[in-house]
Amino acid sequence: MRETDLLVVGAGAAGLSAASEAAKHGLAVTVLDDNLLPGGQYFRRLPTGYHHTHETVFDKERQRANALYATTGQKGITYLNDAVVWESPENGVLAFARGADSGRIRAKLTIIASGAHDRPAPFPGWTLPGVVTAGGLQNLLKGQRVIPGRRAIVAGNGPLVLLVGATLARAGAELREVVEAAPILKRLAGSIADLIAMPKIVRQAVDYRLAIMKSGARLRTGWTVIEARGADELEEVVLAPIDATGKVDRSRARAVKADLLVVGFGLMPSIELVRLLDCKLEWKPLRGGWVPVRGADFETSRPGVLAVGDGAGIGGVEMALREGKLAGVIAAERLGKLSRDQAANLKAPIQAEIAKVETFRRGLERLYAMPPAFLDLLTPETIVCRCEDVTAGELRARQDAGFGSTAALKGTTRTTMGRCQGRNCLRTLSALIAQASGQPIEQVTMPRPRLPARLVTIGDLLQEELPPIEMPKDPHLPRGERVS
Amino acid sequence: MAGSVFVETPPRDAEIAVVGGGVAGMSTALFLARAGRDVVVLERGVPWGDASGANAGTLSLQVKRTEVLDLCKLSLDVWKRFGAEMDIDVGFGQPGGLRVATTEAEVAHLREYSEEQRQGGLEFEWMEGNQLRDMAPWLSTSVRAATFCREDAYSSPLLSGGALPAAVGKAGGRIVGHAEVTDLKREDGGYRIETKRGALRVKTLVITAGPWSGQLARMLDVALPIYVDVNMLSVTEPAPKILDRVITHIGGILSLKQLANGTILIGGGWQGRGRFAGMEKFADHVRLGQNLTTAVSVVPDLAKLRLVRTWAGYEAVAPDALPAFGRLPNNDGAYIAAAARGGFTFGPAQGLLISEMILDKPPSTPIGRFDPARLLTGAHA
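Going down the list, the protein sequences come from chains A and B. Mapping of the first sequence onto the working numbering: position 370 corresponds to residue 370, and the numbering continues sequentially without gaps. Mapping of the second sequence onto the working numbering: position 216 corresponds to residue 216, and the numbering continues sequentially without gaps.
It should be emphasised that the hints constitute simulated quantities derived from the structure, not laboratory data. Mixed in with the good hints, there may be bad ones.
[What the hints assert, rightly or not] Listed next, the in silico SDA-like pairs over lysine to any residue satisfying Cα-Cα at most 25 Å (straight line):
#1 B/Lys73 - A/Leu477
#2 A/Lys200 - A/Arg62
#3 B/Lys304 - A/Leu37
#4 B/Lys196 - A/Gln399
#5 A/Lys473 - B/Asp13
#6 B/Lys241 - A/Arg414
#7 A/Lys24 - A/Asn345
#8 A/Lys473 - B/Phe276
#9 A/Lys280 - B/Lys80
#10 A/Lys75 - A/Asn345
#11 B/Lys203 - B/Lys80
#12 B/Lys241 - B/Thr182
#13 A/Lys142 - A/Gln41
#14 B/Lys185 - B/Arg12
#15 B/Lys304 - A/Tyr69
#16 B/Lys304 - A/Arg98
#17 B/Lys241 - A/Cys420
#18 B/Lys185 - A/Ser484
#19 B/Lys170 - A/Gly393
#20 B/Lys170 - A/Gln399
#21 A/Lys473 - B/Ala108
#22 B/Lys304 - A/Pro89
#23 B/Lys241 - A/Arg386
#24 B/Lys196 - A/Ser437
#25 A/Lys473 - B/Glu104
#26 A/Lys473 - B/Glu112
#27 A/Lys473 - B/Gly251
#28 B/Lys73 - B/Arg34
#29 B/Lys304 - A/Leu462
#30 A/Lys473 - B/Thr66
#31 B/Lys80 - A/Arg414
Whenever a hint applies, use it, and build me the whole structure from the sequences.
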């Protein structure tokens, strides 16, 4: 079994910052990354050997990005790419799949920086080819320089909408519409005092907006996508305004031709691993939903396991970079490489920066608070679980027949049981249950966490050396405890 | 909830109460309701929520002991009739099954075991060499021989978990979830049942509560020794055809099958971890590895697939590993299906046979040897 002082799961902004800082203070750090190259989502880059001539909005980030990438070569850091952490066989040990190099690793301390994924937003047509998520589009653009279409519409809620719009505009797409569901222009005055805590980001947002305007695209706020139409692939997108009560006003709906619709209704923390580790969770809708409960110094309810970055609650890249760095200091202090005073001196400036980012985020959260129109978009034919092709109509019929709990809906329709392990449907399923039962969504039972935390190739799991198999003498006889 | 098969609280009086909403209980309730009887199912949690939903759905004759072959044949027949005659989609499939042997010793064991089963009435074909490769080119070359039983089958624990309760409701039965039974008493020639959703009086009581059955029997002063295994099960991502028979292993713990949706279920009865008291059950890392190793050693292509999910489920087992069902000793009008070793396989037969007892019909197969009275503490050596 491998051993390390500090294990960092994830090599995005938070994970790499944590690793870099911890190694600087003398810890032996191992980073497990399920990507091929370091950087995570925000700092995703082209595969080695690829070149491009086209400038993108990310070129401004090159300096920060390169510094992060360089972390993997830093003294004291072992970087293992293409490694999927899938289970914790015992306290302080994680098992990972990595081809012939699969195995286990024991760490004195673990920092989970698992990042985030797109929040599912089902509406009629959302599974048509030509409809992609904001995260998916960013991946294609940053990792492959591919735009999967020509005439593009971006719709959703949150700062990613502007970013994706600007990215597409600069990358040469024919951007038609950029549609933000929250009435952010009306709210700007009430948020600006907090937002200017991060003036650089405000400037960046203005740049994004200008890029969108310059492209000729129409920028709508207080509107949403309500349907994607097309025979075999996307042909047109139906947009409609949201009224003051949060209802979609279908009477003013209009259809726009497009072959690419990018949908981004925010991000959700990737909590598979903290769930598998049985860390306590709390419901923080403004941070993306379920997040691990963290004590002082980012520790989860599982001793020795820290969580940072978007995986601990959506905070964006600026928060992730700083939380990671702070976690690196915390790890070095806890493992005896820094005295309490030394650590306090290092922590203070980072904490001050985090406070600024938090102020900024409060402004952002007020600005983008989503009107509650979500489930109104579901028609009976709308697919909720795309792995198993389960529609909203089927789920509602099951609910009416009395199969209304998470377990019963899962069991009878297979919703959440496909390849995505629930990432693309559990939130919608919970919302449907909450709507039918009148409970708040956070009181809807979550399915029990199961291993593997992520899909892993069976062949990889066989690399581990196992004790010889002991066969029971008579396999029919009971093997478990007597219960009566 | 108009049209729901579930009711929020039990009626104050009913003719028959079935305690336990898994496969044995739902089957019992189905046959009774279809015979026009007034039956209510009381389930401690969500119907089908424990063992019946967490098992692999393997319905294999040839893995069973000779003593239970007739019972097993009856149950397979009922499983088949659910779909064929009663329009209840339980995802039944009967591709036949291969029981494999990978070493000389296992081949010898398989010959001996299958010969005993032949005498017990099992029909199978001995397969080796080219014949075996032609039938199952996807088997590892390490498989030296296998017995092929055409009757080996499977049904879907997920589909049946929706379909059977719905069928019970359609036949006029009622189902109450979250109605854990807290007390049982004999009263006026019947039974008084206290549940977390209210009390009811019934003439006839049927306990079909899997591993909880022993605790319920104890409320009526019957001490039955019941053990509980924690079986692990894994499922892969959907894949094009990898295998098209139900696989079991004479010398290793293994069951394998590919379902209609392309996913492959890998199980066999490897033990997870957990305690029954706290309802805690988890996969065990080492034994999962051993389970997968065994699976890949028989069907090498499995190594290329990705694992989607592993879980663990309870299985109630009697000390002699034979089914234990019939009249509840010393309690007139009470019946029990307490354990089976293969509870999913046998559930429909147990339900049919218990309903036949209640309806005063002759049993479809003799059941004397499964009488739970044999297990009474003291009677069991």
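Status of the hints after comparison with the structure:
no. : hint                : verdict
1   : B/Lys73 - A/Leu477  : holds, 21 Å
2   : A/Lys200 - A/Arg62  : holds, 16 Å
3   : B/Lys304 - A/Leu37  : holds, 23 Å
4   : B/Lys196 - A/Gln399 : holds, 22 Å
5   : A/Lys473 - B/Asp13  : violated, 48 Å
6   : B/Lys241 - A/Arg414 : holds, 21 Å
7   : A/Lys24 - A/Asn345  : holds, 15 Å
8   : A/Lys473 - B/Phe276 : holds, 24 Å
9   : A/Lys280 - B/Lys80  : violated, 45 Å
10  : A/Lys75 - A/Asn345  : holds, 23 Å
11  : B/Lys203 - B/Lys80  : violated, 31 Å
12  : B/Lys241 - B/Thr182 : violated, 48 Å
13  : A/Lys142 - A/Gln41  : holds, 9 Å
14  : B/Lys185 - B/Arg12  : holds, 15 Å
15  : B/Lys304 - A/Tyr69  : violated, 31 Å
16  : B/Lys304 - A/Arg98  : holds, 13 Å
17  : B/Lys241 - A/Cys420 : holds, 21 Å
18  : B/Lys185 - A/Ser484 : holds, 19 Å
19  : B/Lys170 - A/Gly393 : holds, 21 Å
20  : B/Lys170 - A/Gln399 : holds, 17 Å
21  : A/Lys473 - B/Ala108 : holds, 16 Å
22  : B/Lys304 - A/Pro89  : holds, 23 Å
23  : B/Lys241 - A/Arg386 : holds, 21 Å
24  : B/Lys196 - A/Ser437 : holds, 20 Å
25  : A/Lys473 - B/Glu104 : holds, 18 Å
26  : A/Lys473 - B/Glu112 : holds, 16 Å
27  : A/Lys473 - B/Gly251 : holds, 10 Å
28  : B/Lys73 - B/Arg34   : holds, 22 Å
29  : B/Lys304 - A/Leu462 : holds, 11 Å
30  : A/Lys473 - B/Thr66  : holds, 17 Å
31  : B/Lys80 - A/Arg414  : holds, 22 Å
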